[in-house]
Amino acid sequence: MATEPVFIGRPTDAELSDQLLSTAWRPWRRLGKIGFLVAILGTLSLFTGITLTVMYGIGMWGNNIPVGWGFGIINFVWWVGIGHAGTFISAVLLLFEQKWRTSINRFAEAMTLFAVLQAAMFPVLHLGRPWFAYWIFPYPSTMAVWPQFKSALPWDAAAISTYFTVSLVFWYTGLIPDLAAARDRAPTRAKRFLYGIFALGFTGASSSYRHYRVVYGLLAGISTPLVLSVHSIVSSDFAITLVPGWHSTIFPPFFVAGAIFSGFAMVLTLVIPVRSLFRLENVITKRHLDNLAKMVLVTCWVVTYSYILEFFIAWYSGDEYEIYQFFEARPFGPWAWIFWMMIICNAVVPQIFWSKKARTNLGVLWAVSLLVNVGMWAERFVIIVMGLQRDYLPSAWDVFVPTYVDWAIFLGTMGFFLLLFLLFLRFVPFVPLAEVKELKHELSHEEGH
Amino acid sequence: MRKTRQGGIVGAFDTPEAIIRAAHELRKSGYRRLEGYTPYPLLDLERAIGRGRSRIGFVVFPFAIAAAAVAYLVQWWTNAVNYPLNSGGRPAHAPPAFVPATFEMAVLFSALAACVILALWSGLPALWQPIFEVPGFDRASIDKFFLAISDRDPAFDREATARRLTELGATRIELLGTHPATDAELDERLNGKGGAES
Chain A
1 MATEPVFIGR PTDAELSDQL LSTAWRPWRR LGKIGFLVAI LGTLSLFTGI
51 TLTVMYGIGM WGNNIPVGWG FGIINFVWWV GIGHAGTFIS AVLLLFEQKW
101 RTSINRFAEA MTLFAVLQAA MFPVLHLGRP WFAYWIFPYP STMAVWPQFK
151 SALPWDAAAI STYFTVSLVF WYTGLIPDLA AARDRAPTRA KRFLYGIFAL
201 GFTGASSSYR HYRVVYGLLA GISTPLVLSV HSIVSSDFAI TLVPGWHSTI
251 FPPFFVAGAI FSGFAMVLTL VIPVRSLFRL ENVITKRHLD NLAKMVLVTC
301 WVVTYSYILE FFIAWYSGDE YEIYQFFEAR PFGPWAWIFW MMIICNAVVP
351 QIFWSKKART NLGVLWAVSL LVNVGMWAER FVIIVMGLQR DYLPSAWDVF
401 VPTYVDWAIF LGTMGFFLLL FLLFLRFVPF VPLAEVKELK HELSHEEGH
Chain B
1001 MRKTRQGGIV GAFDTPEAII RAAHELRKSG YRRLEGYTPY PLLDLERAIG
1051 RGRSRIGFVV FPFAIAAAAV AYLVQWWTNA VNYPLNSGGR PAHAPPAFVP
1101 ATFEMAVLFS ALAACVILAL WSGLPALWQP IFEVPGFDRA SIDKFFLAIS
1151 DRDPAFDREA TARRLTELGA TRIELLGTHP ATDAELDERL NGKGGAES
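Residue numbers (our numbering), protein chains in the order written: chain A, 1 to 449; chain B, 1001 to 1198.
What the hints contain is simulated information worked out from the structure, not anything from laboratory work.
Careful: at least some of the hints might be erroneous.
Claimed, not checked - Reference listing, derived: stretches of chain B covered by chain A, where coverage requires no fewer than 3 residues with Cβ under 8 Å from a Cβ of chain A:
#	region
1	1039-1048
2	1123-1131
3	1134-1146
4	1160-1172
All residues carry an ideal CB built from backbone N, CA and C; glycine is no exception.
In isolation and in its complexed conformation, chain B is listed as follows (with noise of 0.2 Å):
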């Protein structure tokens, strides 16, 4: 989950390949603190920072049970126990005429629960997030992959980290910025004067 103080090093690169091998390359020398940021999603950078397979599906089926059996509970409950009605002298518990309902709502709240999970676990929604005072993170969403290392990374150093992405093909290097902001560095940073971080 998403922190509210992010603070690091961001290299752009320009191409997916380059930006696996990277973060490939970091992580071997010990880096823990990975994050990428791309256009679309790249299961061998997922892997290449260290994140295994998502484990949502786990956590959604509970609620697809949950839906189902309360579902039935309540067609049981309402038709053959609390107002039982003779329709046309069937049983008034008719489990074959219980099942439509059953599946949709299992599918209803199973659907509804992986996006919630989805945005809780993405930390969404957040309209502004710290990387996006990154000069150039624009592109991100367009044709540029970033790489992120945080600054609490066990192996973070800023000249080395930032030497090292270079030397791994970064076309540019950033400062992420640490939130919140001053008002004075806030203005600073917009105004583009004082250059403090260069």
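Pulled out of the complex, with its shape left as it was, chain A reads as follows (with noise of 0.2 Å):
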């Protein structure tokens, strides 16, 4: 089978303007309207986990003690890392000018934008009173107390709203033109002059594009290192602590390995159904989706040797309470069916992918990236939970059970995530438009045209 080209047939400019941008004009079908209002029920069932939590506090939620961090954790982290794909694919791959990044750039930061923002709830809710989440900045306060910046809370509170406005400024520059684009093509007045105002007035100007390109560029320099940067943070959490299975120097980069992985896959998960709906075979092509599946197969790999390091550590270390957590707690203690499904997911699963024909067939990838998605989850609830389960005084010990508000928060961000996605799929040119004529001019010089 010959490699798919990153972009197929020969539409001309006005055509392919109007294919990708009247996404944002054309009415939905049912199918939409439905993905709505699933979104709004999930949206709705958040805020009333919510609620409960800043009403009766955090008594409501599975926590106990020792297990202190449970889902609130759980999902901070596994949202935090499904963001990363996004910002690998808009920065890391541009700085590798890889081509078959341009058509899913846009939509995988967007996925970031929205997962960051779910991500960006739970230590605010774990705080138990959320209204002095603004203690963590250093403001000159009566109370004459500084933030412990010895700690690693501050520095993820550093890292996350870092990482969420850098990606917001460098998707919203990303889209200017599009906007334009956008403002110019509009069927109507009203929807003229939304864009033209998000736009801001942007006329394409050669003058503009040289600085524009430059910090582009800029911002994507900039973000490969913070991408890096926001999980070794997070998994810091873990790692400056003594907890067993927690206290060890292989987090950062495992961290942004994982991340990496649930990202793509979460990538895969929604471009799949998005490109089959919005009939974009053209500019998504078979090859994106193939390389896609590739990295996922890479990130599983990395991951996979960091599972093998992890358990060879702790028996190396001769350390009673680690091999007790990884030989003991983690297979065969209390749900350690979640253990076993992380291996089986994260794995073995995705070794499918040595096949072409499974990365090239939508339903096969399709499910892995679905089961990959569910064996990163696992992987955050083991290494939070088991390793507070059982730490080093069995009088201590006890069993993690989540809550029905712990599930209604969880699914709720589910909802409230597929609720942005929709909006941006409604509202946004999600296909960079501008990027892809340039693609595709690019293309056609190659081949000699």
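With the hints as a guide, dock the two chains, each given alone in a separate frame, to form the complex.
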């Protein structure tokens, strides 16, 4: 089977523009409306869960002593991780001049933004008194107390807020030429007006573009170390403590790899239905899906290698608590089935991507991407719950059981994520129009036309 | 930076190759105030109209350094000077622990500075610009390539420049009006009466 190109057909620029912009004004079919309904129900569940938590306190969650970090931190880490692939695609692959990133980068960046938004809610709610969240900032207060910068939590706050803001400006900068195109092409006056405001009056002047291109590259350049730093900092929340299974120097790279792994899986989960529903097979080709699947396979092996190394180091350290944690508590303790689910979903299932047939089969791709998402959530669960359930003193051991509020918030964030994502698909040109046209121009040059 | 007053001639081209060639030729014959309007960035066009690589990076860099310095100083002053906390016996001034927030602030402020400077240097936001009045300019973001020659260009001559643009392959020539236009002029232009410009 020959490799598919990153771009199929020879539409004119005008045809391409109309195809990619029309998603923002064509009426939606029934499926889209059902999607919105599901998303709104999920969002309601989220806000109900949040309301209960704020009214009655953290006691509404399944957290206990010793498992003080339950769903709150599991979901936080999982959602932040998902965001990473978006930045990876838009920044790292841009620096490596990977042409196939072009048509999916905006899409992946939007996923980043919305995932980080879900993630950011959890540590704030986990405070128990979220209205004091601003205490994390070093402002001169009457209490004369400052944040403790030797703790990983202020690092987290700095990392997550920076990550969100930088992703937002990166995304918006990339959007401006396409908002201008939407302004010039929109069918109604109201839409022209709205897109016109968001396009800021961009004209596509060469004197703007010459700064624009450099700024875009610059943002990609600073996003690359940023994305590596964010999950490294998140992993420090664990690694700088003494809990068995957490206190490990492998955590930063292990977490970053896992984050990119789960993020690529989520990109696949989202891109496959969108590509079919909006008939984008000509700009998001099988080549894209194939490459995404290869990235999943690569990161799968980094994660698998980290698992092996974690077990090896636990044994090699000779530390009885570490040995107990890895060789007793995880595979055979309470919730052991989640550990085995993690191994199967993260280390075994993605191996199917060695086969090119599997990498280009939509059904297989989608199923594997869902399983990887499940597997990565299981990994967060295993790390957090298993370590805390079985720490140093057997008399302190307990089992973590999530409550309905935990589930309402967790499932609710998926609904809220879906809602934001559908709104994005509804109103924003989600395939980067200017960049695809530029790519088409470059490709036609390479072919010698 | 964009001036509020813009006048001149605009030629529309169908392909990037045509506009780049036209810009080269005009530049060779002494035109200096050229501006391209294109649906996507064209590096060759920027070079052809005589614009070098943007220096925006050098302007952003000091913001990164300043943000990092301020972030480190804040952490040092609050945790080691103003209210030293003994946290697990670690030194009050613990440089490795101050690295993450320092790095994040450098990234945050360089990204914000880059975007603000980009907006300022591009003259944005400016929801209305004289070039928008050019008929057919709404295709500049889709599939047409516009080359504008300012009337303040030393080589500018309305007739000759327009002829030159046509020779170079412009499919359509338009006048770039002056702004602010008088009410009467605006009315005339909007209602398409008079045709004084042709």
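Checked hints:
As drawn, the region 1039-1048 of chain B meets chain A at 7 residues by the rule of a beta-carbon pair under 8 Å; at three or more, the given contact holds. Counting residues of the region 1123-1131 of chain B whose beta carbon lies closer than 8 Å to any beta carbon of chain A gives 8, which meets the minimum of three for the stated coverage. Counting residues of the region 1134-1146 of chain B whose CB falls under 8 Å from any CB of chain A gives 6; the rule of at least 3 is met. Closer than 8 Å: that is the beta-carbon criterion, and the region 1160-1172 of chain B has 0 residues meeting it against chain A, so the requirement of 3 is violated.
Checked against the numbered hints given earlier, this structure breaks only hint 4.
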